[in-house]
Amino acid sequence: MSILYFFLYLLLVTVIGLLYMGVARKVTAHIQNRYGPPIYQPILDVLKLFGKRHTVTHGVMHSLGPVIAYTGIASTLLFLPLGNHTPLLHFKGDLFVVLYLLVVGPLGMALGAGESSNPNATIAMARALSLMLGYEIIFFMATLPVFYHYHTASIYKVIQAQGVFPHWGAIIFPISFLAALFALQGMMGEKPFEIAIAPHEIASGPMVEYGGKYLGLLQLWHAVGIIVETGLLVDIFFGPQNIIWFFIGTFIVFYVVILVNAVMPRFRIEQAVRFYWGIPLLLAILGILQVYIWR
Amino acid sequence: MKLFNFSQSRSLWMMHFCTGCGAMEMPPTMTSRFDMERFGIIPMATPRQSDLLLITGYLTIKTLKRVVRAYEQMPTPRYVLGFGSCTINGGMYWDSYNVIKKLELYIPVDIYINGCMPRPEAIIDAFLKLREMIAKGEANAWKKYIENYEWYKKNQSEVFDVEKWSIKNEK
Amino acid sequence: MLKNGVLKMKNEEQIKKDIETTFGELVKVHIKRRHRIKVDAPKNMTLPILAYLKQRGFHQFTLLTCVDWIKKGMFELVYNLYSLDYNVHVLVSTHINRENESMPTAINIYEMAFDYEREIHEMFGVEFEGHPRLGEFLLEDWKGMPPMRKDFDTRAYVEEKFNVKDLTKELFTRKEQPYRGPGSNG
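Residue numbers (the working numbering), protein chains in the order written: chain A, 1 to 295; chain B, 1 to 171; chain C, 1 to 186.
Bound conformation, chain A alone (with noise of 0.2 angstroms):
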């Protein structure tokens, strides 16, 4: 029964995810004056990869890579609450188990990636995993005070200490929530961090080998990873929502997120694991003072 519950959990964040990237796209369309493509634009991209048709094959490895990455972050799920909804698993100090299950998309798109020996590819895995060295360091510092705050690793728990509206964690610890917005940005691949995918510069990265089906995947990969990387950041920082409010709340940071890309050129790699080392650093220990402080 409850796997289940989880396959349609798993469908409806999905659709969800992917009606973002929709939105995300004719956002963008309207800041550069454009009309844009309609909201279901990416659900009806997936169905047309999904029909496409593949005789080449780089070997196993590359055509597993999307699927352990989207295994991955569907896992996630089960220790994501949305909301106040109890999540299928929960215990003390999950919330490290998600931090590693968010490694394993990546992780999956580096093995693919790699076999295709496309140096494309390669360099762009090179940026991905550098890339992480920024954001990752920023967003467990920027979560680490809320969580020493409650006395608990564990999401569930930290959701349901938090309580209304005065009492959320963005409210009481405002530095490292903004350190965290900063390692969205990265941690999702937007602009001024699209240093991986970059298409005009390496020919979309890691996705330069595959096509039709896997990339079908990879587009699913990216619309669960949407509301998992908004999600984990609306759970920490915003308290118990019901789950109308936390796909509000989502929205609300991703859109931010999108702004900012609109606007934005993009980083070096140098240049962006430097800005990483900069400001969000300063604020995330900020943020870690602030608690020491306080208590």
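Don't take each hint at face value.
Each computed EDC-like pair below joins lysine to aspartate or glutamate, with the alpha-carbon atoms no more than 20 angstroms apart [stated by the list, open to error]: (1) K150(C) to D95(B); (2) K161(C) to E158(B); (3) K161(C) to E150(B); (4) K65(B) to D141(C); (5) K153(B) to E140(C); (6) K143(C) to D153(C); (7) K143(C) to D95(B); (8) K102(B) to E160(C); (9) K143(C) to E163(B); (10) K62(B) to E160(C).
Here are some chain A residues pointing at chain B (derived, C-beta under 7 angstroms) [unchecked claim]: (11) P37; (12) P199; (13) E209.
In silico negatives: residues of chain B with every beta carbon more than 10 angstroms from chain A [to be verified]: (14) T19; (15) W94; (16) E158.
Just so you know, the hints here were simulated from the structure itself, not pulled from any lab data.
Predicted model only: the values in this text are computed from it and were never measured.
Ideal Cβ positions, reconstructed from N, Cα and C, are used throughout, including at glycine.
Position chains B and C against the provided structure of chain A, taking the given hints into account.
Coordinates of chains B and C only, in the frame set by chain A:
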């Protein structure tokens, strides 16, 4: 199949492979004046990801070798759009020693746009026509390439060395 | 610049005088118009003139081009130089025989000449002595006569290569066509 045709017609990813002068007409078609993204048509970076190959203008033999390779890497169904009079009969390069005269002898073409060069309105019109054809299941030029593979290879071998320029080390 | 109805061409005249005094009678210098000087030099004097002009301030090697004078049986090589100091173009031209005559390379004076010489070699078949890499450049897999020569019959070549019967009359009639052209349904 009907669902696939519908979604394929609404989402055409074109390959960003620009030859000749027609490439100049693509930026206005993509950007805010004519905005082809509202039809779901966006440029993609690699042939593996794309459905639509635009031959924008004259095609030299040297470029034809690359075009054939890119075309063969695209997943089926794939569509080709010939741009301007150069792809139809050579256009103003009708007696040039290095420009192919008729594109459809070498790769199958779904739809041509005439003119030198076609305006963005004509390009959008061709996209809409192609979309209609795909939705009805009429755009089947890629099947012709598979059925008449030898005939196309023979034509290609008349202008360049097919053996030397074909994809060999495909795993 | 207009003084008493006459164009003043100070720089041009100075350069003309300098070249004539340095290289003597064999070199003919014409001022074509303002900002443009043409130097007609014999083959063995060309590279010294280029070296002299570079040292004189002509640092920019704009272009190397070739003209096929088929009736005279000559190739004319034209080295286009430009100076930002004087705002003057100098065209150094020299004639070599169409067949069996080569030209010493200019890459030791102007490195820019590297690709131009490769191109001239490929398009006209002129040999450049001492050039390290005169191979295939723009035309891939080209066999036979270089295509920019005047005696290259491009129409005959096209008719043969692209299998067209008569290029001027019926453009494309082929014997075998397995189906109606795909373009006709669009």
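Results of checking the hints against the structure:
1. K150(C) to D95(B): holds (15 angstroms)
2. K161(C) to E158(B): holds (7 angstroms)
3. K161(C) to E150(B): Roughly 19 angstroms separates the two Cα atoms, so the pair holds.
4. K65(B) to D141(C): holds (12 angstroms)
5. K153(B) to E140(C): holds (19 angstroms)
6. K143(C) to D153(C): It holds: about 14 angstroms lies between the C-alpha atoms, which stays within 20 angstroms.
7. K143(C) to D95(B): With a Cα-Cα distance of about 18 angstroms, the restraint between K143(C) and D95(B) holds, given a limit of 20 angstroms.
8. K102(B) to E160(C): holds (15 angstroms)
9. K143(C) to E163(B): holds (17 angstroms)
10. K62(B) to E160(C): Holds. K62(B) to E160(C) sits at ~18 angstroms (cutoff 20 angstroms).
11. P37: Given a least distance of 5 angstroms, the restraint on P37(A) holds.
12. P199: P199(A) check passes; min Cβ-Cβ to chain B is 5 angstroms, inside 7 angstroms.
13. E209: With a minimum Cβ separation of about 6 angstroms from chain B (threshold 7 angstroms), the hint on E209(A) holds.
14. T19: Holds, since 18 angstroms exceeds 10 angstroms.
15. W94: holds (35 angstroms)
16. E158: About 26 angstroms separates E158(B) from the closest Cβ of chain A, which puts it past 10 angstroms; holds.
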